[in-house]
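So the sequences go chain by chain: A and B.
Residues in the first sequence are numbered from 1 upward in steps of one, following the working numbering.
Residues in the second sequence are numbered from 373 upward in steps of one, following the working numbering.
If you are wondering where the hints come from, they were derived from the structure by calculation, not from laboratory data.
Do not take every clue at face value.
As the list claims (entries may be wrong) - For lysine-lysine, the following DSBU-like pairs were computed, each having C-alpha atoms within a straight-line distance of at most 30 Å:
#, chain 1, residue 1, chain 2, residue 2
1, B, 484, B, 549
2, A, 285, B, 570
3, A, 216, A, 51
4, A, 350, B, 520
5, A, 350, B, 532
6, A, 285, B, 532
7, A, 269, B, 520
8, A, 216, A, 285
9, A, 173, B, 486
10, A, 51, A, 38
11, B, 484, A, 173
12, A, 269, B, 486
13, A, 269, B, 570
14, A, 285, B, 520
15, A, 126, A, 38
16, B, 467, A, 269
17, B, 520, A, 173
18, A, 350, B, 486
19, B, 532, A, 173
20, B, 562, B, 467
21, A, 173, B, 472
Claimed, not checked - Label pairs and their computed distance ranges (CB to CB):
#, chain 1, residue 1, chain 2, residue 2, range
22, B, 532, A, 311, 40 to 48 Å
23, B, 471, A, 282, 49 to 57 Å
24, A, 144, B, 563, 48 to 56 Å
25, A, 369, B, 532, 21 to 29 Å
26, B, 466, A, 140, 56 to 64 Å
The beta-carbon is built from N, C-alpha and C at its ideal position, and this holds for glycine as well.
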Amino acid sequence: MMEGFKLLVNTLAHPTIMLTAGMLVFLFFFPPNDWFEKWNRRLHLNFLWTKKGFYFVIILMVVFFLIGLTDPNFSLIIKKPDNVPIIGLIFFVFIFLWISMSQALKNDKLIDAGEKPEEYNDPEDKVLVWPDLVYIEFIALILCMSLLLIWSIGLDAPLEGPANPADSPNPSKAPWYFLGLQEMLVYFDPWLAGVVFPSLILFGLMSIPFLDTNPKGGGYYSYKQRRLAIPIFLFGWMILWVALIVIGTFLRGPNWNFFGPFEFWDLHKLVPLTNINLSEIIYIKWFSVGLPENILVREIFGFLIVFGYFLLLPPLLAKTAFKKLHQNLGNFKFGLFIFLLLFMLSLPIKMYLRWLFNLKYLIAIPEFFFNI
Amino acid sequence: MIMNEEGKKEQTVSGNELGQDSTPTKPTLKEKVGKKEASASIGKGTFEEEISRRSFFSWLTIAWITFSIATGAFFTMILRFMFPNVLFEPPQSFKVGYPKDYTVGQVDVRWKRKHGIWMVRNPEYIYALSTICTHLGCTPNWLLNEQKFKCPCHGSGFRKSGINFEGPAPRPLERFKILLADDGRILVDKTKIFQYEKGQWNDPESYLVV
Ligand code: FES
C-alpha cells in the first residue's frame, strides 16, 4: 500500500505532469472567466475556502510530511536545516491564501446580495498608530525574535567546508529563496534568467498600480470584481515562484536531475537529456542539410518565432481574448500589460519545450552570448 | 476607533465615511492634529541668536569638505581593496608530467583541484580542458560510468571532448594551450584559451600530438 502510494507520488512529481496538473487545477480554483467559474461552482471547489476546507488541507499536508518522515529518502530532505523554511513556506502560503480567499468569497456573497463588503462594517475602522499599531508591532517583534532564537538553538546552521572553487557540492543549491531563479537558469541563458527576468519581475510588480485601473476591490477583499488581476498575480506567485522553489528543494537531486520525493538520490541516475537547438532540429533533422554558415540564416526560424510571439500575439489577443481590457486600457497600457504577461508565460512555455522536445534554445548564437 | 482628548474611545460609523455620501459631524483626526500643531511652539528666533548667516555658511563649507574627504578616502580604500598585496593564485602555466603518464581514452582528474584542468588523452593527442562550466562557472564532475562531465548547479552535461550536449550551458568547455617543454614534460598555459565555437580547436597549439 505504502509502496504503491510512494510510487504514485514519485510518478506524479515528474515536473511535466505536476506543472500541467497544477496549472489546470489552478484555473478552476481561480476562475478567470465565466466558463471556469461555472465549473468551479459545479465542482464545489470553493469548499477549500471554508473552515472545513482549511482543516482538510492542513491535515492533508501534515499527514503527507509525517509519511515523508518515515521514508528514508524523503526524511533526509525535509530534515535538512536548509529546507525547514520551505516547509514553513508551504504552510504559510496556504494559510495566507486561505485568509484572503475566504474573506473575498464572503464579500462576494454580500455584494451579490446588494450589501456592502464586510470591511465597511468594522467599527474599528481607524486605529491610532500609538498605541494600537505600535503595540501590535512590538508583540510581533517579540514573537519573531523568540521563534528565531528557538530555531537557531534547535537547528544548527547548515554550514559546509571552506569554499573551494574547484569542487562544487553535488547538487549545488542556491539559498531557498533563490531556488526559483536557479530553476529558471536551467531553461534560459544566464543573461535572461539572471538579469532580464528578475528585473522584469520587479518592473512588472511596480507597474501593477499603473496597469490595474479597476476601481473596484480597493480597501476590501473581493474575488469576483478582480477576476483578471487575482489569477494573473497568483499564477506568477504560486506557480512560477513558490512552485519552482518547491521543485528546486524537493525534486532536484545530484547532477541537478529530477528525483521523486521518495526516490533514492542516485548519483548515477541516467537521464537521457541530449538537448538540441531549434536550428539543428529544422536544418538537420527535417531538411537533412547541414547548418548554414551565416548566423542570421541559421537562426532565422528562432527569430521568427520570438518576434511572432511578441509582435503578432499582442494585437491578436487585443482583438480576441482581451478585447474589453484593450478598450479599457488603451494602446499603451495594454501593450505594456501584454508584454509583461507574455514574458511571464514564456517561462512555462520554455520549460515545456525543454521537457517535451529537449529543445535547448530557440535562438542560439553562442558566438555572441545571445541565446533565447 | 479614535481617541478624543479625554482619552475615551469614541465609535465612528465608518461605513458612512467610506461610502462618501455623508459628511462627518465630529472633527476628524486631521483637524485635531492641525489644531495641536498651531498651538505648539518651536522656540522661534533661537537660531538667529546663536548662529549668524555668515558663520552658518562657513560651517556648511567645512562640513561639506570633511564629508567629501571622508567619502573620497572611503572609496579610495575600496579601490585599494581590489588590488591585494599578495595573490594566492596558482601559476598560470605549469607542467603536468610526461605524455606517457596518460592512458588513451582516460580523463585525468588529478589536476582539477590544483590547476583547474582535466587532461584528456585520445588515440591521437592530448588536450587540457577547463573545469569551469560555461553556463555560470560551477565545477562539473567527471562521471566515469556515464562518460560525461556533469555540472551539479543546473545540470549541464559535456562530452569527453568538452562539447556541451545537455542542460543550459551555451557552449563547449574551453581548452588551454598545451605544448611539450624542453625536459619532455607537458606544459599547460592557461593564459591562452581555445574556444570550439570560434573554430579554435583546430589550432595546433590547442592539442599535443603524441
Ligand atoms: S553552472 Fe554549470 S550548469 Fe549552470
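*asked:* So, against the hints stated earlier in the document, which numbers end up violated here?
replied: Numbers 8, 13, 15, 16, 18, 21 and 23, in rising order.
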